[in-house]
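Chains as they are written, first to last, in my numbering: chain A, 3 to 528; chain B, 412 to 482.
Be a bit skeptical, because a hint or two may be false.
[To be verified] Output of the computed footprint for chain B on chain A, the stretches with three or more beta carbons under 8 Å from beta carbons of chain B:
no., segment
1, 294 to 300
2, 337 to 347
[What the hints assert, rightly or not] Some chain A residues well away from chain B (every beta-carbon gap over 10 Å; in silico):
no., residue
3, T16
4, T67
5, L79
6, I80
7, A170
8, V195
9, N306
10, S350
11, P380
12, S386
13, L445
14, R457
15, A460
16, A477
[Stated by the list, open to error] In the BS3-like style, the derived pairs of lysine-lysine whose C-alpha atoms are separated by at most 25 Å in a straight line are:
no., chain 1, residue 1, chain 2, residue 2
17, A, K227, A, K238
18, A, K225, A, K238
19, B, K414, A, K234
20, A, K93, A, K54
21, A, K204, B, K414
22, B, K447, A, K238
23, A, K224, A, K234
24, A, K470, B, K414
25, A, K54, A, K43
26, A, K224, A, K204
27, B, K425, B, K447
28, A, K470, B, K447
29, A, K238, B, K414
30, A, K54, A, K39
31, A, K93, A, K132
32, A, K93, A, K43
33, A, K479, A, K204
34, A, K132, A, K54
35, A, K54, A, K204
36, A, K39, A, K225
37, A, K479, B, K425
The hints are simulated quantities; they were obtained by calculation from the structure and are not laboratory data.
If you're wondering where the values come from, they're calculated on a predicted model, not measured in any experiment.
Cβ coordinates follow ideal geometry from the N, Cα and C atoms, glycine included.
Here is what each chain is made of, one letter per residue.
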Amino acid sequence: MAKLKYDAPMNWKTETDEIARRRELALEQGGTDAIAKQHGKGKLTIRERIDKLLDTRSFEEVGPTAGAGNYAENGELISLDPANFVLGFGKVEGRRIVVGGEDFTMRGGSPSPAGLRKSVYAEELAVQYKLPLVRLHEGSGGSVGGTGGKGASLPGPVNAPARFRSVAEAMATVPVATAALGAVAGLPAGRLVASHFSVMSKATAQILTAGPAVVERAMGEKKTKEELGGWKVHTKNGTVDNGAENEAECLAEIRRFLSYMPANIEQLAPVNDCDDPVDRADEALLDIVPRERRRAFDMRRVINSVCDQSSFFEMGAGYGRSQITGLARLNGQPVGVWANNCKFLAGSMTADGAHKARRFMELCETFSLPIISLVDEPGFMIGSQAEREATIRHGTSAVLTAAMTTVPWASVMIRRSFGVAQAAHYGPEGYVLAWPSAESGPLPVEGGVAVAFQREIAAAPDPEARRKELEEELAAKQSPFPRAEALGVHDLIDPRETRIELCRWIDRIQPLLPGLLGPARFSVRP
Amino acid sequence: MTKIELETGGSVWKVLTKPGERVEAGDTLFILEVMKMEVPYEAPVSGEVAAVHIAEGDAVEEDQLAVEIAE
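One chain only, chain A, in its complex shape (with noise of 0.2 Å):
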């Protein structure tokens, strides 16, 4: 019998070639003089950056063929334009993350039609999968052309989603890292800082809520992209919580702040093996805080010794630097850090200062991380300035925030501890030790005997003597022997106990934190 013939193809080599060329013609972004451009400034593409952000060949990418082709008029296919977004999965330390970012290679970074559905696509992703969010951002908003460059786009309808809401699910359901690499402008600029971490390459970054253009041309202000928002100006304003000094090390700072966090808020974050001995003890605590009560001492120092070795990473150190915040381990387990900072403005509440531990508690409440509070708190920055900059609200937000927190905490009092601001160290139930060298009470004496005893003073035969003999008396009286006596701390320890005291009370709240998994009562607002 015969065999029957067929005409047509008896297999889809036709379309299988054609997908393999689109995923060719896609991996050229932007073609080799806009590579060689981006690479000229010393930039990477972001093809690169994702490498080398990933464990090796471990990116899965999603939507690599999405993008604009280009047909003659037979319908082939000449060329594809690429979604100037790139967007998939990938591992960190062998731990699955949602990554993406804009290809400046193409538009300049904004948003051609398929890139824009890819960008909104990466929270929404991050959120269903339950996976951590790391964002690489180089890329501008919207441009007055519309998405296509053939005229503005027609508006969405009434009942599309609301844009941001992924955007904010994200931040309330998983970790979310981004990193600013080159210029970031509108759209990507309120992404980076809808983050729990965030950090800005100071070779190759500027953060602009609009550029220079834009600026000039509303308000006659010239200014460069630099002058308006580079490093400078962000790492210490709080738009940013670190500067790195190129991408390499912001990516590594991005690995950084993921080991130490859960994939999502219904796990615990990962607990590491610690060879750091638990019971030791570093001597340097003993006089590391001055018995002359106004000399300043080193908080890092204290965070760094009583931590697991080499584990503090401290995030926002340049803005609100009052307070230092950070991740840190205790025997291997990741804790929140948050410590006064005396070296500067005495470490007082400052309104920056007490917005950069808001957010820090709100991370930590959000992710179920155990709070370690060192305090030196000699209250709410005051003058004529903390009066402008509304320090009260801003404070009294952090003690309220602390007063609502389910976490564990444990506070220990290494110094002051002093009016309404020390509230905010203290975490409700938590477990509080005291060094020798704590005092509290409502106002640090100084200021304190100026004001309640000031006729007495003034009618003293020596006012100075009598006021340094009554400030001598109320010192007593702030000791912590008598604080310990009413049981209003735990303990009183020498301060080379502090490390063993802790990673005590760490392995006793373990059967505490499955309990506190799910979502939290408030999230992290930026």
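Assemble chain B onto chain A, guided by the hints.
What follows is chain B alone, placed relative to chain A:
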């Protein structure tokens, strides 16, 4: 050259070093007074003090260059 810049404004309370002096990492170079706290600045490296740009009693500003050390 290692430059020591000021973390905050304040007033210079004590200057404990002078140009030409040999210092070890950890030595206190000068002490600021900030919000009634004495804030000591230590040498981050060992070397010779090349320049001291502040004097006792000066009102100083954040980021101001205070001391330079040649390693």
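Exercise. Where does the structure disagree with the numbered hints, that is, which hint numbers, in rising order?
Worked result: 10, 11, 24, 32, 33 and 37
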